[in-house]
Amino acid sequence: MNRARAVLVFVRASLGVLVGLSFTPKAEAYETGRSEYGARLHFPSLPARVRLATPMPGVSDGGRGALRRAMATWSGVVCGSLGGSFVEANAGEDASIEVRVVISGWRHGAAIAAHTDVESDKWTGEIRRVEIELDATRRWSDVERVPADALDLETVLLHELGHAAGLAHSGQTTVVMRAGLKPGHAARRALDPDDVAGMCAVYAAPASIRKDEPSVRTDPGGSFVSAPRAFAFSAAIGAIGAGIFGWRRRRNARALKRSDPGSTPADA
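In UniProt numbering, the protein residues as written are 1 to 268.
Worth flagging that the hints you see were computed from the coordinates, not collected in a lab.
All residues carry an ideal CB built from backbone N, CA and C; glycine is no exception.
Among the hints, erroneous ones may be present.
Stated by the list, open to error - Taking CB as the label site, the calculated pair distances span: (1) Val-78 <-> Ala-110: 14 to 22 angstroms; (2) Gly-83 <-> Glu-119: 21 to 29 angstroms; (3) Trp-123 <-> Pro-55: 36 to 44 angstroms; (4) Arg-248 <-> Ala-204: 48 to 56 angstroms; (5) Asp-121 <-> Gly-84: 19 to 27 angstroms; (6) Gly-84 <-> Thr-124: 19 to 27 angstroms; (7) Glu-144 <-> Thr-124: 19 to 27 angstroms; (8) Glu-93 <-> Arg-145: 34 to 42 angstroms; (9) Arg-248 <-> Ala-168: 44 to 52 angstroms; (10) Gly-62 <-> Arg-129: 18 to 26 angstroms; (11) Ala-110 <-> Thr-173: 19 to 27 angstroms; (12) Ala-204 <-> Asp-121: 15 to 23 angstroms; (13) Glu-144 <-> Gly-76: 30 to 38 angstroms.
Kindly generate the complete structure, drawing on both the sequences and the hints.
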């Protein structure tokens, strides 16, 4: 195999690597919520105060324990200046997040068991008030082993508090901020690195990012483009250039051989 053919084989292999890398899923697929004008949703200061406005029927302590545990889980996230996301509001104290159990007149459709409404400044994305609603006509559970016809209350509250803090749904399937939870589904009461990265992106990066401005991505786990991936991309680009150069030399050699059959190509 002559040098030009070897270069072409290397180019093909490098292009295969390049295509494979382009379809490799990102390590973190979180989404951050946006206001009407594209600003990142966020509380101007933390911790945010939370109140359970109405108890959940059929659940021990009305769901207060599940809410406290969900708040403590998010408050365990530490990155940059973030530390302590939620605290329980005292009696008579104003709460920026209220959790309400809807006994009748559920307005979000049969497929939705919980809904979070975030009121924010459309220009800055600063969250002013949040209302989390839970459908009381569903069966809710607060035990370790979730019954087949019930939803785990702590899992749902952990998810909805993520929305309250400014997170949208994640594309990952094993995280707290994924969309959808069916009755009997195993509880998800611990945060995935994807969930943590999303919270850190909201509170460790500039908040007022408009749709027409470049977004800023905060990745506590390291650079978005890893060293091996950067090397592979560089090698592929270099290989393409080398392949083009080799192809031109080979074409010129063939043209020379046709014009002078007695000559020998330099790269034979």
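Quick rundown of the hints versus the structure:
For the pair Val-78 and Ala-110, the supplied restraint of 14 to 22 angstroms is violated, since their beta-carbon distance comes to about 39 angstroms. For the hinted restraint 21 to 29 angstroms between Gly-83 and Glu-119, the CB-CB distance of approximately 25 angstroms keeps it satisfied. Our hint of 36 to 44 angstroms for Trp-123 and Pro-55 holds, since their Cβ atoms are close to 37 angstroms apart. Evaluation of the 48 to 56 angstroms hint for Arg-248 and Ala-204 yields a pass: the beta carbon distance comes to about 50 angstroms.
Remark: the range hint 19 to 27 angstroms for Asp-121 to Gly-84 is upheld by a beta-carbon distance near 23 angstroms. As the Cβ distance of Gly-84 to Thr-124 is approximately 22 angstroms, the hint placing it in 19 to 27 angstroms holds. Remark: the range hint 19 to 27 angstroms for Glu-144 to Thr-124 is contradicted by a beta-carbon distance near 42 angstroms. Restraint check, Glu-93 to Arg-145: a C-beta distance of roughly 36 angstroms satisfies the suggested window 34 to 42 angstroms.
Between Arg-248 and Ala-168, the C-beta spacing of about 50 angstroms keeps the proposed range 44 to 52 angstroms intact. Taking 18 to 26 angstroms as the suggested C-beta distance range, the pair Gly-62 and Arg-129 conforms, at roughly 22 angstroms. The hint said 19 to 27 angstroms for the Cβ distance between Ala-110 and Thr-173, and at roughly 23 angstroms that hint holds. At about 20 angstroms, the beta-carbon gap between Ala-204 and Asp-121 stays in the expected band of 15 to 23 angstroms.
Restraint check, Glu-144 to Gly-76: a C-beta distance of roughly 20 angstroms breaks the suggested window 30 to 38 angstroms.
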